[in-house]
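Dock chain one against chain two, each of which comes alone in its own frame, and use the hints as you go.
Protein sequences appear in the order of chains E and S. When we follow the numbering used here, the leftmost residue of the first sequence carries the number 1, and every step to the right adds one. When we follow the numbering used here, the leftmost residue of the second sequence carries the number 1, and every step to the right adds one.
Hints are not guaranteed to be accurate.
Unchecked claim - Listed next, the in silico EDC-like pairs over lysine to aspartate or glutamate satisfying Cα-Cα at most 16 angstroms (straight line):
1) S:K253 - S:D69
2) E:K22 - E:E7
3) E:K274 - E:E250
4) S:K192 - E:E75
5) E:K172 - E:D140
6) S:K209 - E:D90
Said to hold, decoys possible - From chain S, some residues computed to sit far from chain E (all C-beta separations above 12 angstroms):
7) V16
8) A18
9) S39
10) E44
11) W47
12) F53
13) Q126
14) V165
15) L180
16) Y229
17) G239
18) A243
19) S248
20) I274
21) A284
Hints listed in this document are in silico derivations from the structure and should not be mistaken for laboratory results. Note that CB positions come from ideal geometry on N, CA and C, so glycine has one too.
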Amino acid sequence: MARIAFERLAHGYPGSSAYALKPMDMVWEDAGAYALLGPSGCGKTTLLNIVSGLLQPREGRVLFDGRDVTALSTERRNVAQVFQFPVVYDTMTVRENLAFPLRNRGVPQAAARARVEHVAGLLGLTAMLDRRARNLGADDKQKISLGRGLVRDDVAAILFDEPLTVIDPHLKWELRSRLKELHRQVPVTMIYVTHDQTEALTFADRVVVMSEGEVVQVGTPEALFDRPAHSFVGHFIGSPGMNFLPCAVEGDTAILPGGHRVDLPRGYGALAGKVELGIRPEFAAIARDGLPVTVRRVEDLGRRRIARVELDGVPFAATLPEGMAVPAEPRLALDPARMHIYADGRLATGEG
Amino acid sequence: MSKPLDNRAWFLVLPVVALVAFSALIPVMTVVNYSVQDSFGNNEFFWNGTGWFKELLDPSTDLGGRFFDALWRTLLFSALCLLIEVPLGIGVALTLPRKGWGVAASLVLLALPLLIPWNVVGTIWQVFARRDIGLLGAAVNGLGIEYNYAQTPLAAWVTVVAMDVWHWTSLVVLLCYAGLRAIPDAYYQAAKVDGASSWAVFRAIQLPKMQRVLTIAILLRFMDSFMIYTEPFVVTGGGPGNATTFLSIDLVKIALGQFDLGKAAAMSIVYNLIVLTVCWVFFATTTRSQSEAVQ
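Isolated chain S, as found in the complex (with noise of 0.2 angstroms):
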């Protein structure tokens, strides 16, 4: 069946085309420009081509020294926020309630965290871990165990990674329960009459049955934390020293702080490559194991 053709059409694409052109092609084309460039301030430009780049990916140069450093900080921390928020965030799934008045209430409350705005969370956790007046900061001092996350590297990562968790796991928990109701309990019930063990259902059945909202909530959960800013430079601004220097804290300073236009754009645009490619490739494998198993 042949549909007529008209090119019209493409009118209709133009209000799309111009909001995208304002929102991010323009933005991101200055981006790009200031990358192949050096400033001086005053608005003066100079042609650097690919020079920032190299000197970025190159571990023994000032720049990709520090690159390199706050990459390796940002993966680490990434890492430590899947390792504990998928597995936690799946278990605290796993006892929710399934039915009464228990259902809500504890989605309410678990929903809380998510709600509040990044500067404040960072401004709770400021507070809250702080040694002389903090309850946390105070109590865990109080039990004769040194803690400051100002002073010691240790102290701050803790700090910092407990934060994410206590502000995200509640994303993984929701799209979990969201996959476990999902179950009909018909398979529950085929699982008792076929003895098996609550491991063999959580194998068997709920996992597999999560796979697909697991897929989403680490992916948001990568993107996020491989992003993270806010959070981190209110609690700790990326100290002590460059501890938790993360990619993104590095990249405003170097931006704004050092207003290192170029640098920081050459920066910005692998940044954006890796958490592309990251994504990318965690994305086409899961959905091909997903699509072989179709198969």
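Excised from the complex, chain E in its bound form (with noise of 0.2 angstroms):
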């Protein structure tokens, strides 16, 4: 169990300048549910693979508990890892699949026997604990990996590598929460990598949102949601994402594609680069009163619907409330309250 926290970390791939993973500082706490987040390629696995020490970092340091363990080796860092593809050893029986990174540091073999029981009962797998591991399930061996990273009580955090990829839909569900149980039972910082928003949203409690090798956010999933940081997190967090109209804003007043005023909560001083309005769907409600738009098209997820429509030759998602027809004439009313301002697809921060 560790505090883990990184000084001007950065990576770079050899044969190249570039960086993999731009220059950062970060400190995730003891016994955290944390999500790494970001599209493919965008340095999620990197930075856990450094963690874990897999990969040594061009720049900059890792500590555990206030310790320098850059150089250390993975055996010596005391972490688990869950990877996308489940590994067991084939020829051995989940149990002894289970003790063996146990078997490895030379744990007395009660202790391990006791050990194993406990965690295959955490994680249901105490009815096949004899059982060969080859012929299981994609689902049971995953659980078996992850039972590996468990039984170690003294590991300073478990990494997941986007550990459901190769597990049924109607599974993930179980065993997501069970995960998110385990938490609870047992308080190991926990390091989720996904590219799966939902399962990022309900598991962790911070969700780190990466791209292009840059942490463009840290923030409870409501944060991310209500505030996102930049534009990269209004897009990708939230189905649809968020609403970006270019604007010109004059203190608390935005003006819009073809020269519609609105008022913003707040007031904000000289905005430099490209000045966006950024708001969500969620909070944009097709209407009678309000800025006059040409509906394109309905979409129907179930629960609500969401209208493309097009505001001044800018397409814009919003809600279409239930029960409520197109109008003739669509208008679009927007929640002052929600709605925020980037300048070059960072949040600028008003006043008031």
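Structure below.
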């Protein structure tokens, strides 16, 4: 169990001067549940492998509880890692698989046995302890991989690298909630890499959103939804993602395409670069009063309906309230409290 | 679902039947025919029933004694080859580079002995190990070790086994290397996370993942070494005395040297059955242990 900190950490792969992971400082609190979220190739697996020691960072330090572990090998860091594809040792039984990390570290037989039974109980593997691991289904194999991570009670952290990729959709829910449940029972730092926002938002207390080798926001799922720090987070979180309208800002008024003026919840100073107004579709509704729009089509998402509209040629997603037909002269009503201003993609802090 | 039956389909099988008959069935039946007869040359044959087989399987007879001596020699040779080539092959495969220019270089280098024809390998070693002009033979004798494969049985055995190791270890290496390369990186990473020593990695990951290719390698190397003929024939001619007269060499001596077609035919049938039986038993046990593991 450990608090993990990065100091000026950066990484690039050999033969390239570009950063795969841009310099960053971050702290992950002990016993927290963190998710690293981002599209493929954003550097999240790189960061994870640096934590576990499978990769040596090019610059900076990794600290576990204030102790510099940058140069330590994976074995000596005492972390557990679950990989995208389940890894089981074919010739061993489930029990032997779970005991493997303990045996390698010379834990006494009796203690190891008790520990294995305990973890098997947590994961629902007790019934198959004496079966060969080779012929189990992908989800049971992944539970074994997970169990090998949990079996050591002194690990600094458990790292998950997209562990549910090969799991059938109906089992994903079960495993994910089991993970969440485990984190409640076993207070250990858990770091979960995924490109699936649902997985990240349901698993983690804090989500680290990454894009192109850069950490763009760290926050609770609510914060990512309510106040995206970067337009990338706005787009990436939520489905559909946040709307961005090019605009000009004068104090607490935004001037939208077509010259429409909108009152903002706070005032802004001079803004440099490309200025945009961001608002989530959940807070923009089709109404009888507001900005005039043309409705292109309506998508029925089951629980709610999304209207794809155009506001003076700019595409925009809005909510079509329940029971409402598309009006003859559709208008768009924006919730003023939910509007944010972005300058060059970054959230601008206003006053008041 | 029922499939339409059309007996005319049998005609499509005919070409294969004819081909197999000419290339395998008829020659084998000729051998079976010889094995129950005695010939005195001039194409004269006399019925001998199971006489040759009885003699062959009775070590107290002349033919039987000769057969069992050659059989034990051949089995010893196969055992030595497997015992050296398989561990050595695994060991070399484990040390081969996994990326970079070294991969191509070492693979080409390893494949070279496999490309050399048997009799050329024999000739190379025949000269290489000679005590007067051979690099190896002269060097060993120069060190003060008495070594002459034409005179002492031990030297002859060392030479013949070394030659086989030189010629065929590469095959085991290449098969094992292919097996090793098929192991995903995640296994090694997981083993690191689990704190496994390199011995534990070998036992828990590499060896089990190589099981299939090793089965093939052992089977191939057993069959080849058990049937070896050309190389020892070129180097030692079966000598000194009968020290390196393996079954195949003895068989040719009987069949073509003494023109005892009956004895030779009986011997080749028994020889063939031994190879088949050993391979079948080996294959059945390994595949059964694999399918047991699956259940």
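The hints, checked one at a time:
{"no.": "1", "hint": "S:K253 - S:D69", "verdict": "holds, 14 angstroms"}
{"no.": "2", "hint": "E:K22 - E:E7", "verdict": "holds, 12 angstroms"}
{"no.": "3", "hint": "E:K274 - E:E250", "verdict": "holds, 14 angstroms"}
{"no.": "4", "hint": "S:K192 - E:E75", "verdict": "holds, 6 angstroms"}
{"no.": "5", "hint": "E:K172 - E:D140", "verdict": "holds, 12 angstroms"}
{"no.": "6", "hint": "S:K209 - E:D90", "verdict": "holds, 8 angstroms"}
{"no.": "7", "hint": "V16", "verdict": "holds, 37 angstroms"}
{"no.": "8", "hint": "A18", "verdict": "holds, 44 angstroms"}
{"no.": "9", "hint": "S39", "verdict": "holds, 55 angstroms"}
{"no.": "10", "hint": "E44", "verdict": "holds, 61 angstroms"}
{"no.": "11", "hint": "W47", "verdict": "holds, 56 angstroms"}
{"no.": "12", "hint": "F53", "verdict": "holds, 43 angstroms"}
{"no.": "13", "hint": "Q126", "verdict": "holds, 44 angstroms"}
{"no.": "14", "hint": "V165", "verdict": "holds, 29 angstroms"}
{"no.": "15", "hint": "L180", "verdict": "holds, 15 angstroms"}
{"no.": "16", "hint": "Y229", "verdict": "holds, 38 angstroms"}
{"no.": "17", "hint": "G239", "verdict": "holds, 46 angstroms"}
{"no.": "18", "hint": "A243", "verdict": "holds, 42 angstroms"}
{"no.": "19", "hint": "S248", "verdict": "holds, 37 angstroms"}
{"no.": "20", "hint": "I274", "verdict": "holds, 31 angstroms"}
{"no.": "21", "hint": "A284", "verdict": "holds, 20 angstroms"}
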